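Student: Next come the chains, spelled out residue by residue.
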Amino acid sequence: MNRINPIYALALLLVIILMLVYKLDSSKNELKDNILTYEATQKVAVKLSALKDTYANKTKTKKALKSILNNALLKSLDTKFKKTSLSISAKSINAKTLNFLMSKIINGSFIISSMKISRISDTNVELKMEIKW
Amino acid sequence: MIFNSNNKLLFLDPNADTSLHVEEKVNIILSPSLYWVKKVTLPVRSVREVSKLLPTLFEDTIPDGSYSYSAYKATVDNEFYIFAYEDKKILDTITKQNISIANIGSIHFAQSEFNSITNAMKINETQSVYIKDDIVVLVPCCWIEEKGHLSLDNITLSKHKITLKQFGHIVDYKSLYGIASVMLIFILILVVEVYTTSSKAQDISDKRDAIFSKYNLKSTMFENKAILNKYNKIHKNQIKFRKYFSYILALKLKNSEKMTSFQLNKKTIAITFSGVLKNRTSYIVSALKKKGIKVSESYKNNMLHLEIEL
Chain A
1 MNRINPIYAL ALLLVIILML VYKLDSSKNE LKDNILTYEA TQKVAVKLSA LKDTYANKTK
61 TKKALKSILN NALLKSLDTK FKKTSLSISA KSINAKTLNF LMSKIINGSF IISSMKISRI
121 SDTNVELKME IKW
Chain B
1 MIFNSNNKLL FLDPNADTSL HVEEKVNIIL SPSLYWVKKV TLPVRSVREV SKLLPTLFED
61 TIPDGSYSYS AYKATVDNEF YIFAYEDKKI LDTITKQNIS IANIGSIHFA QSEFNSITNA
121 MKINETQSVY IKDDIVVLVP CCWIEEKGHL SLDNITLSKH KITLKQFGHI VDYKSLYGIA
181 SVMLIFILIL VVEVYTTSSK AQDISDKRDA IFSKYNLKST MFENKAILNK YNKIHKNQIK
241 FRKYFSYILA LKLKNSEKMT SFQLNKKTIA ITFSGVLKNR TSYIVSALKK KGIKVSESYK
301 NNMLHLEIEL
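From first to last, the protein sequence lines are chains A and B.
The opening residue of the first sequence carries number 1 in the working numbering; numbering runs sequentially from there.
The opening residue of the second sequence carries number 1 in the working numbering; numbering runs sequentially from there.
Derived by calculation from the structure, the hints in this document are not laboratory data.
These figures come from a predicted structure and were not determined experimentally.
Every residue, glycine too, gets a C-beta built ideally from N, C-alpha and C.
All clues given are correct.
With the Cβ distance kept under 8 angstroms, some of the chain A side facing chain B (calculated, not the full set): (1) I16; (2) I17; (3) L20; (4) K23; (5) T41; (6) A45; (7) K52; (8) I111; (9) I112; (10) K116; (11) S118.
Taking lysine-lysine and the DSS-like style, the derived pairs with C-alpha atoms no more than 25 angstroms apart in a straight line are: (12) A:K63 to A:K75; (13) A:K52 to B:K266; (14) A:K60 to B:K230.
Taking beta-carbon pairs under 8 angstroms as the criterion, some of the chain A residues facing chain B (in silico): (15) A9; (16) K28; (17) L31; (18) I35; (19) T37; (20) Y38; (21) V44; (22) I106; (23) I117; (24) R119.
So that you can see chain A by itself, here it is in the shape it has in the complex:
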């Protein structure tokens, strides 16, 4: 004969509903946070990947530099490949050579860490340059 007061049963259902609403709210917040974190991570990942590919790809950078320096016009340059950089120097090069070299280097995605161009005559300059990777 012992019966549960139906008001208690309704109260229990109400408590369950409140708990579920709270849980749903937490889940929605978690979902929002996860979406924001996901988008932020993706943004960082894409940017980082692109920048690394441009500036930190040693093989690609070395290959591109060697290809430029192989040009017959640039044979007079002193080049020295180090572990993390390339030094280019020339006591005297003409404007044509300088223009060719600069157009290739400036338009390429290389990290020019230092550069010095000094005029030595009306047609020639002295050059020192360092490219890092």
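Chain A is already provided as a structure; the job is to place chain B on it using the hints.
Tutor: Frame of chain A; chain B shown alone:
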């Protein structure tokens, strides 16, 4: 069929003079004064079908009140005993008799339990029960001369019993079932929603983990952001250098004016122009400043020296 055979059997009569006051488990037989009964013949086969008709069958024949209904089949086909009773009235009587609701095993009608009595039986000082036309009825004692005292010792309880709605007088059960159904549906929707949302959150989290392995990222975002900042600085610096370099090369110099030196050192560009007249320095400097370049200048012996911060 015997139910709760170990329980004590009590006859519940609102007009009883003495209080029962029991603390053990009991089965109760209700006095006819606690219910309304009819024997009806209906063109239906099952009690279930009869149950739907009960309120109508008692309509206008019993006083207004909050009734519950019960029925069971008589021995003849299509004949049914139908009952109407007020839960609150029975519960009040039980309370009045000092019987705890928790101690009640089952509740039966006198109709179903006394259907085999042959003589009238006195149930209190003024009333007796006896069977008339298959119905156990309550009559004043003085109407019947031959009467014995009520004895429950030989009663074997039938399977016909009722369950009282303890709160029926407080709340409308139909409305409660409606509200409960709506709440249950709402709970179901919420559970599905919580599950779906959690699954989505987990999926997003998994996708994020996949990004780490796809792009070969460091284990923490702190490290990755630090590396990104480093490369961002390099990128901005290189872009700026190339932009400034193109602006400087695009300067319109006079024939006497020559760029004698161009030097990049970390974050500074130093440029020296020769053959520059004093009045021409402002042109060169302002041309660069117009492009948003921060320039500091020094001039000596027709030599203009510029320093640009990257």
